[in-house]
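Engineer: So the chains spell out like this:
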Amino acid sequence: DQQVKQNSPSLSVQEGRISILNCDYTNSMFDYFLWYKKYPAEGPTFLISISSIKDKNEDGRFTVFLNKSAKHLSLHIVPSQPGDSAVYFCAASYTASKLTFGTGTRLQVTL
Amino acid sequence: DAGVTQSPTHLIKTRGQQVTLRCSPKSGHDTVSWYQQALGQGPQFIFQYYEEEERQRGNFPDRFSGHQFPNYSSELNVNALLLGDSALYLCASSSGLKETQYFGPGTRLLVL
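In the order they appear, the protein sequences are chains A and B. If you number the first sequence the way this note's numbering does, the last residue is 693 and the count never jumps. If you number the second sequence the way this note's numbering does, the last residue is 1348 and the count never jumps.
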């Protein structure tokens, strides 16, 4: 049972444009959501998070939007840069610290 | 400020053997979680340690066990290795009940 889904395995965006990565979840008990970025041969790097009491959180070029009624969240990266090319994982939690991950979306930012 | 460290970085074992992986948490963190990431998948939660006790456990068999030491470092042990145990094993640390986990670089285990 895949409780967190990232339906787009890959995404290609031009440098300077907006990247939008999507994530859907099925468990309504989830109350905290995170995005991680992963380069090959490295562990996931925390990017940004959002609590279920909010619908938006911003940190520099990164913004996460949460739509609880649709059980959907998205990560916007503006403007996209070549260094943003990586695999992005959405994760969700409803207990202290156990994370449930999606399968990831590979973002490629082209020149 | 040292981040999460893991050792070894790579490991090759044969079926039936046992393996121990090690993790030192980020400075100031007291909670350690372990994840298994198979190729093409997201990380899967194995278990979490806090105050030297297993606090939560994912859907993994008893062959997977762990330990947390008084200095908050942790070990993951896997007995009777199977080919399917080949994966990247990730350690993450956090501060008590805070949700944000910070990951180490992982240990890549290959079982032949």
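Simulated from the structure, these hints should not be mistaken for lab results. Just so you know, these numbers come straight off a predicted model, no measurement behind them. By construction, the Cβ of each residue, glycine as well, lies at the ideal position given by its N, Cα and C atoms. Check before you lean on any hint, since a few could be wrong.
Over 12 Å on every C-beta distance to chain B, these chain A residues come out as not near it, computed from the model [claimed, not checked]:
#1 Q588
#2 E640
#3 H658
With a cut-off of at most 20 Å between alpha-carbon atoms, the simulated EDC-like pairs for lysine to aspartate or glutamate come out as follows [said to hold, decoys possible]:
#4 K587/A / D637/A
#5 K650/A / D606/A
#6 K636/A / E1288/B
#7 K1262/B / D606/A
#8 K650/A / D637/A
#9 K1262/B / E1311/B
#10 K650/A / D666/A
#11 K680/A / E1287/B
#12 K587/A / D606/A
#13 K650/A / D613/A
#14 K1262/B / D1298/B
#15 K1249/B / D1298/B
#16 K680/A / E1289/B
#17 K680/A / D1266/B
#18 K638/A / D613/A
#19 K680/A / D606/A
#20 K653/A / D637/A
#21 K680/A / D1298/B
#22 K1249/B / E1288/B
#23 K1249/B / E1290/B
#24 K1249/B / E1311/B
#25 K653/A / D1266/B
#26 K638/A / E597/A
#27 K680/A / E1288/B
Engineer: Now tell me, hint by hint, if it's right for this structure.
Structural biologist: Checked hints:
1. With a least beta-carbon separation of about 8 Å from chain B, Q588/A fails to lie farther than 12 Å from that chain, contradicting its non-interface assignment.
2. Its beta-carbon lying about 16 Å from the closest one in chain B, E640/A satisfies the requirement of being farther than 12 Å from that chain.
3. Every CB of chain B lies more than 12 Å from the CB of H658/A, the least distance being 20 Å, so the non-interface label holds.
4. Proposed proximity of K587/A and D637/A is supported: the alpha carbons are some 19 Å apart, at most 20 Å.
5. The suggested pairing of K650/A with D606/A holds, with an alpha-carbon distance near 10 Å, which does not exceed 20 Å.
6. For the proposed pair K636/A and E1288/B, the alpha carbon gap of about 34 Å is over 20 Å, so the pair is violated.
7. Of the supplied pair hints, the one linking K1262/B and D606/A is violated, its CA atoms being roughly 30 Å apart against a limit of 20 Å.
8. With a C-alpha separation of about 8 Å, the suggested pair K650/A and D637/A falls inside the 20 Å cut-off, and the hint holds.
9. Between K1262/B and E1311/B the alpha-carbon distance is near 15 Å, which keeps this suggested pair within the 20 Å criterion.
10. About 27 Å separates the Cα atoms of K650/A and D666/A, which puts this hinted pair outside 20 Å; it is violated.
11. Proposed proximity of K680/A and E1287/B is supported: the alpha carbons are some 16 Å apart, at most 20 Å.
12. With a CA separation close to 5 Å, the supplied pair K587/A and D606/A stays within the 20 Å bound.
13. Our distance criterion of 20 Å between C-alpha atoms is met by K650/A and D613/A, whose separation comes to about 9 Å.
14. Distance check on the hinted pair: K1262/B and D1298/B sit about 27 Å apart at the alpha-carbon level, beyond 20 Å; violated.
15. At most 20 Å may separate the alpha-carbon atoms for a hinted pair to count; K1249/B and D1298/B meet this at roughly 19 Å.
16. For the hint pairing K680/A with E1289/B, the CA-to-CA distance comes to about 15 Å; that is within 20 Å, so the pair holds.
17. Between K680/A and D1266/B the CA atoms are separated by roughly 15 Å; this keeps the pair inside 20 Å, and the hint holds.
18. Restraint check for K638/A and D613/A: satisfied, since their Cα atoms lie roughly 14 Å apart, inside the 20 Å limit.
19. Our distance criterion of 20 Å between C-alpha atoms is met by K680/A and D606/A, whose separation comes to about 18 Å.
20. For the suggested pair K653/A and D637/A, the alpha carbons sit about 11 Å apart, so the restraint of at most 20 Å is met.
21. A threshold of 20 Å between alpha carbons decides the hint, and for K680/A with D1298/B the separation of about 19 Å falls inside it, so the pair holds.
22. Using a Cα cut-off of 20 Å, the hinted pair K1249/B and E1288/B is violated, with the two alpha carbons roughly 28 Å apart.
23. About 26 Å separates the Cα atoms of K1249/B and E1290/B, which puts this hinted pair outside 20 Å; it is violated.
24. The suggested pairing of K1249/B with E1311/B holds, with an alpha-carbon distance near 17 Å, which does not exceed 20 Å.
25. Proximity of K653/A to D1266/B is assessed by CA-CA distance (about 32 Å); at most 20 Å being required, the pair is judged violated.
26. Restraint check for K638/A and E597/A: not satisfied, since their Cα atoms lie roughly 24 Å apart, outside the 20 Å limit.
27. For the proposed pair K680/A and E1288/B, the alpha carbon gap of about 17 Å is at most 20 Å, so the pair holds.
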